[in-house]
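Chemist: In case you want the letters, here they are:
2 protein chains.
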Amino acid sequence: MPQFSEFTPPRRMLMGPGPSDVHERVLQALARPTIGHLDPEFIRLMDEVKALQQYVMQTKNPQTFTVSAPGSAGMETCFVNLIEPGDKVIICINGVFGMRMLENVKRIGAQAIVVEDEWGTAVDPEKVATALKENPDAKALAFVHSETSTGVLSDAQTLAKLAQEQGCLTIVDTVTSLAGVPLKCDDWGLDAVYSGTQKCMSAPPGLSPVTFSAKAEAALKNRKTPVQSWFLDVNLLSGYWSGGKRAYHHTAPVNALYGWHESLRMVQEEGLENSWSRHAFHHQGLKAGLDALGLELMVDEGCRLPQLNLVRIPEGIDDGAFRNSLLNDHNLEIGAGLGKFAGQAWRIGLMGVSCDQHHVISCLSFMERALKAQGYNCDAGAGSNAAKAWYNAQ
Amino acid sequence: MPQFSEFTPPRRMLMGPGPSDVHERVLQALARPTIGHLDPEFIRLMDEVKALQQYVMQTKNPQTFTVSAPGSAGMETCFVNLIEPGDKVIICINGVFGMRMLENVKRIGAQAIVVEDEWGTAVDPEKVATALKENPDAKALAFVHSETSTGVLSDAQTLAKLAQEQGCLTIVDTVTSLAGVPLKCDDWGLDAVYSGTQKCMSAPPGLSPVTFSAKAEAALKNRKTPVQSWFLDVNLLSGYWSGGKRAYHHTAPVNALYGWHESLRMVQEEGLENSWSRHAFHHQGLKAGLDALGLELMVDEGCRLPQLNLVRIPEGIDDGAFRNSLLNDHNLEIGAGLGKFAGQAWRIGLMGVSCDQHHVISCLSFMERALKAQGYNCDAGAGSNAAKAWYNAQ
Chain A
1 MPQFSEFTPP RRMLMGPGPS DVHERVLQAL ARPTIGHLDP EFIRLMDEVK ALQQYVMQTK
61 NPQTFTVSAP GSAGMETCFV NLIEPGDKVI ICINGVFGMR MLENVKRIGA QAIVVEDEWG
121 TAVDPEKVAT ALKENPDAKA LAFVHSETST GVLSDAQTLA KLAQEQGCLT IVDTVTSLAG
181 VPLKCDDWGL DAVYSGTQKC MSAPPGLSPV TFSAKAEAAL KNRKTPVQSW FLDVNLLSGY
241 WSGGKRAYHH TAPVNALYGW HESLRMVQEE GLENSWSRHA FHHQGLKAGL DALGLELMVD
301 EGCRLPQLNL VRIPEGIDDG AFRNSLLNDH NLEIGAGLGK FAGQAWRIGL MGVSCDQHHV
361 ISCLSFMERA LKAQGYNCDA GAGSNAAKAW YNAQ
Chain C
1001 MPQFSEFTPP RRMLMGPGPS DVHERVLQAL ARPTIGHLDP EFIRLMDEVK ALQQYVMQTK
1061 NPQTFTVSAP GSAGMETCFV NLIEPGDKVI ICINGVFGMR MLENVKRIGA QAIVVEDEWG
1121 TAVDPEKVAT ALKENPDAKA LAFVHSETST GVLSDAQTLA KLAQEQGCLT IVDTVTSLAG
1181 VPLKCDDWGL DAVYSGTQKC MSAPPGLSPV TFSAKAEAAL KNRKTPVQSW FLDVNLLSGY
1241 WSGGKRAYHH TAPVNALYGW HESLRMVQEE GLENSWSRHA FHHQGLKAGL DALGLELMVD
1301 EGCRLPQLNL VRIPEGIDDG AFRNSLLNDH NLEIGAGLGK FAGQAWRIGL MGVSCDQHHV
1361 ISCLSFMERA LKAQGYNCDA GAGSNAAKAW YNAQ
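Chains as they are written, first to last, in our numbering: chain A, 1 to 394; chain C, 1001 to 1394.
Hints may contain errors.
[To be verified] If the Cβ cut is set under 10 Å, some of the chain C residues that face chain A in the computed set are: (1) N1135; (2) N1385; (3) A1386.
[What the hints assert, rightly or not] These stretches of chain A come out as covered by chain C in the derived footprint (C-beta under 8 Å, 3 or more residues): (4) 155 to 163; (5) 252 to 266; (6) 355 to 364.
[Stated by the list, open to error] Sample of chain A residues with no beta-carbon within 12 Å of chain C, all distances over it, derived: (7) R32; (8) D39; (9) F42; (10) D47; (11) E48; (12) S68; (13) V175; (14) K199; (15) A203; (16) S229; (17) D233; (18) S242; (19) A321; (20) C378; (21) Q394.
Don't read these hints as lab results, they were simulated from the structure.
All of these numbers come straight from a predicted model, not from anything done at the bench.
Glycine included, each C-beta is placed from N, C-alpha and C at the ideal position.
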């Protein structure tokens, strides 16, 4: 075996579906000296993380914590704690992450009622209302607030209201929502909500913030079967994240939580509403440039996520060659299409630290060059000039 | 909510059951710029991590990867992938982590045959042989190589041989073993092996290296039921960690893997055998000092882990006050007793970066001061002087 060299990552500009660029302050926080996972100073950090997560998730739920694994594990935490074998769950599918929810439900041995919508469109509240009416015994309604695979925002407030009218729990994927679009867990009455750290929060991937409402906690307490995962059992996790004397469950990822704390602090400094507006604002700048380049946003304006833009690949353009050129010639990462959109679309993220004027203009310039290299026809500087003009007009 | 300050952790000396001190090189690696989890450069890093893990685990298994979550999730990965509902598993319990294995088996709905040994003693091969004979239909034998709760080493080679004679798989916890005591996955024929990063490897907690033998892979392929965890399903994980075109499964913890890569590189530089000897060597230095302080190692020499020392709390000494004094007055963390040893013992770790002469001498000095503050009777400098003398004699 060779002696491997130190790994020096290239300095990318991350404008895909996440991870987004991570601020130097967060990177530096990761590198602080490791302390014990039961050190009183670390417990204090966890308490601050919990308070800050309650703020960014807009909730007062005491059962708010960080799962020591990425968003997919946050999803699994919500499902395995609330759903038991035989339970009926309504799953809304309008992209990859709805499908992943279905996988979770199947593996629990629960019964899934699927409500499907076209990829690239929002979850239809009418269909959900019908499914709820037809399944009055459904224990939970599960849906994705911001579909990372398509760049679609669904109306979480309306969907949750429908579920509440029937006394049905909600399980909500907000991985790409957090700090990017309004998310109000308590006002909307969401029950089990998970998110990710590497999208609009701009921390590295690896953790999943989760919150459970009082109703979700009650459902957990009333289970008839043990939670199938020991690692994700919230009964055990809460002994480590809450209360007076903290009980050892697993060893928390100490340094990752340093970074997460700093990223949460930065959102607190900016103000959550300001973060939401910033994402909406720069999306308009990007859109002005894409329009000028003749590129089409595939999601209708009414349900379009500002922080994740699904762009149709123009005819005659080679997807792989285009993204390789961005990455290798310009250190710019944008996302490939996922699932049904593979080869059909790009996903341009404007998330967290990657959501500013500099990223928008650079992205448009580099895209123009890579398009032209494939014979695409547009005026010199069309995209970036249009975006600059848009910014100047604000 | 207050505006929280930047978190500045105290500079501890970590001599508990893990995490151990993390080297500056590893901390700095964590802080390198984040890149995408499908970036070709990141895939290259993953390939190096895999090769290095094969080296430290002494295996050529192609199915070698890092679970994106701590050791407990590594344990769960092995159980949920290999064990199906109704399967029979022999579980050896001689401490906390054997009990956790039992929890895993129960939550799968499999049948556990428990082989118990006293806490603080090794797994008895005779009992295991009997259990295997009585249960010729057992699918797996599961045991802990290095029990972190008691500081006991069991004879993995002998136990695995017994299992092999019967065509039974082995699931082996090596969380505290890796780089601390000899572990030879291929030579010993271990089938599903998980470890941790924060013990003798001295990376921060949060990841779990795992390896599956060809026999374990075959068992996974021959399952009749889906793996109950989507996040930990090795069928899916292997599409991300192996082969030509890597398929997105979950978003890997990019920066944590930078750190892990650097920590693996450091063990490669030192040489695995040298790391094993270093742990054995400094254990002798610590032991010389503890003897001189009149403190008793509770585990018999024949099965004592050099890297985790179970020390009986002398009569009249207040456990909490003692450890608080070490932490608050000297920034030294040692471990409390766990489970049956709570209040009865301390666990002094000599792991990874924390395993050197400086740590040994400082620990003995600080322990002496904290003991004397509670009226303990010993000569001034007894422990540290004895250790120094031992070192000088080498």
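Chemist: Each hint needs a verdict: does it hold in this structure or not?
Modeler: Here's how the hints hold up against the structure:
1. Given the 10 Å rule on beta carbons, the hint for N1135 of chain C is violated: about 23 Å separates it from the nearest Cβ of chain A.
2. For N1385 of chain C, the shortest C-beta to C-beta distance to chain A is roughly 28 Å, which exceeds 10 Å, and the interface hint is violated.
3. At its closest, the beta carbon of A1386 of chain C sits 27 Å from a beta carbon of chain A; the interface hint therefore is violated under the 10 Å criterion.
4. A stretch counts as covered by a chain when three or more of its residues have a beta carbon under 8 Å from one of that chain; for the stretch 155 to 163 of chain A and chain C the count is 0, and the coverage is violated.
5. Counting residues of the stretch 252 to 266 of chain A whose beta-carbon sits less than 8 Å from any beta-carbon of chain C gives 10, enough to reach three: the coverage restraint holds.
6. Counting residues of the stretch 355 to 364 of chain A whose beta carbon lies closer than 8 Å to any beta carbon of chain C gives 0, which falls below the threshold of three, so the coverage claim is violated.
7. The Cβ of R32 of chain A sits about 5 Å from the closest Cβ of chain C, inside the 12 Å cut-off, so the non-interface label is violated.
8. For D39 of chain A, the condition that its CB be more than 12 Å from all CB atoms of chain C is violated, with the nearest at approximately 7 Å.
9. At the 12 Å boundary, the C-beta of F42 of chain A falls inside the reach of chain C, the nearest C-beta of that chain being 8 Å off.
10. Distance check for D47 of chain A against chain C: the nearest CB is about 10 Å away, which does not clear 12 Å, and the non-interface claim fails.
11. With a least beta-carbon separation of about 5 Å from chain C, E48 of chain A fails to lie farther than 12 Å from that chain, contradicting its non-interface assignment.
12. Listed as a non-interface residue, S68 of chain A fails to keep its Cβ farther than 12 Å from every Cβ of chain C; the least gap is roughly 6 Å.
13. A beta-carbon of chain C is positioned within 12 Å of the beta-carbon of V175 of chain A; the least distance is around 9 Å.
14. The beta carbon of K199 of chain A sits about 9 Å from the closest Cβ of chain C, which is not more than 12 Å, so the claim that it is off the interface is violated.
15. With a cut of 12 Å on Cβ distances, A203 of chain A falls inside the contact zone with chain C, its closest approach being about 9 Å.
16. The claim that S229 of chain A lies off the interface is violated: its Cβ sits roughly 6 Å from the closest Cβ of chain C, which falls inside the 12 Å cut-off.
17. With a least CB separation of 8 Å from chain C, D233 of chain A falls inside the 12 Å interface cut-off, contrary to its annotation.
18. Residue placement check: S242 of chain A keeps its beta carbon more than 12 Å from all beta carbons of chain C (closest about 17 Å).
19. At the 12 Å boundary, the C-beta of A321 of chain A stays outside the reach of chain C, the nearest C-beta of that chain being 14 Å off.
20. No Cβ of chain C approaches the Cβ of C378 of chain A within 12 Å, the least distance being about 27 Å, so the stated non-interface status holds.
21. For Q394 of chain A, the shortest C-beta to C-beta distance to chain C comes to about 29 Å, beyond the 12 Å cut-off, and the non-interface label holds.
In summary, the structure is inconsistent with hints 1, 2, 3, 4, 6, 7, 8, 9, 10, 11, 12, 13, 14, 15, 16, 17 from the numbered list given earlier, while agreeing with the others.
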